[in-house]
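Asker: In order, the protein sequence lines correspond to chains A and B.
Read left to right, the first sequence gives residues 5 to 141 (the numbering used here).
Read left to right, the second sequence gives residues 8 to 191 (the numbering used here).
Just so you know, these hints were derived from the structure itself, not from any lab.
Please read these numbers as outputs of a predicted model, since none were measured by experiment.
Pairs of lysine to any residue, SDA-like flavour, derived with a Cα cap of 25 Å:
#	chain 1	residue 1	chain 2	residue 2
1	A	Lys16	A	Asn75
2	B	Lys87	A	Ser65
3	B	Lys129	B	Gln174
4	A	Lys83	B	Ile19
5	B	Lys87	A	Ile74
6	A	Lys7	A	Val61
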Amino acid sequence: MNKKSIQIFLGKQIENSCGSTSGGCNCSSETATSTNSIDELLKKYTTVLEGITIFNVYKISDCEDNEEFINNLNQVLNKSGKKLIVDNTNLEFVLSQSAPIIAVDDKIISIKSFPDEKQLYDAVMSGNKIPVKKSCC
Amino acid sequence: MIDHNTNTVKSILSNIFDSVGIANKERFINAPAKYHPKIILDGFGSVIVYAQGNKDSSEQDMGSFSDIWGSLAAQNEVVKFLESHGYKSVIISGTSRSVSLVQMGILAGIGELSPVNSLVVKDLGLTASLAAIITEAPLIPDEEITGVCIKCMKCMNVCPATEIAYQRNPEKCGCGKCRNICPV
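Please take these sequences and the hints and turn them into a complete structure.
Answerer: Pasting the structure below:
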């Protein structure tokens, strides 16, 4: 059986410093998840979906070319039937409104918050989207 | 050219949003410096404000648009269009605290101030999610409107953060009770 590919596009990390992949937090509309928490969550995802999926985590950087990030995100948007095309000029705004974006085999299943590992497992197995969590205000 | 640009902008946004209005820079002469659009874009010529109602969904994410990708695509298309004509443009999302989307919405003619200090939009009541584009482009402004809010005060009576009309403690705001009770 072919393994499913899970792609996770992370928004801009606050306190993101060049050459470092740790520190800061990711404040999407509702959640403020520290990088350490994200790493822990990714470990849980990997554990619960071990043998079923391959994970690719994409992060944007102030210091490097984000071409690969943009190309992969545009492929996911296109395969998901979205009209939006991302480029360097709108990337930050798009991510501020939608990150983290999680896709399975190029189809978006979750935006704006991290699901728990059970939600992700269920979504991967069923192909259903994970509902967007409500904002606090 | 101003006609063409205005019509194009409105045509793109009207495909996604329920209400679209435009204010020109003259409308902001008396705007408080603290919330003035020039903070975002010094040479701004117009502010485009758009709203999407969520009357049918009490579960709607407050402050967000229901079709997030469609709304992002439409906003992006407008910015690309204006910038292709040489006008720098900036999208202001609903979570922005550096300008007042409510004040911009009033000046752009899409609604008026409610007793709980939020924007009442025609046919959408207090359920509207708002965003705006501040642009250097000169565009044709819409008329400001009045009479949308029927002053029934139901929003104020149900609001746990408001003791005096038009004054609100934003730190206590967020329950959404006013959205659900507004009869507009």
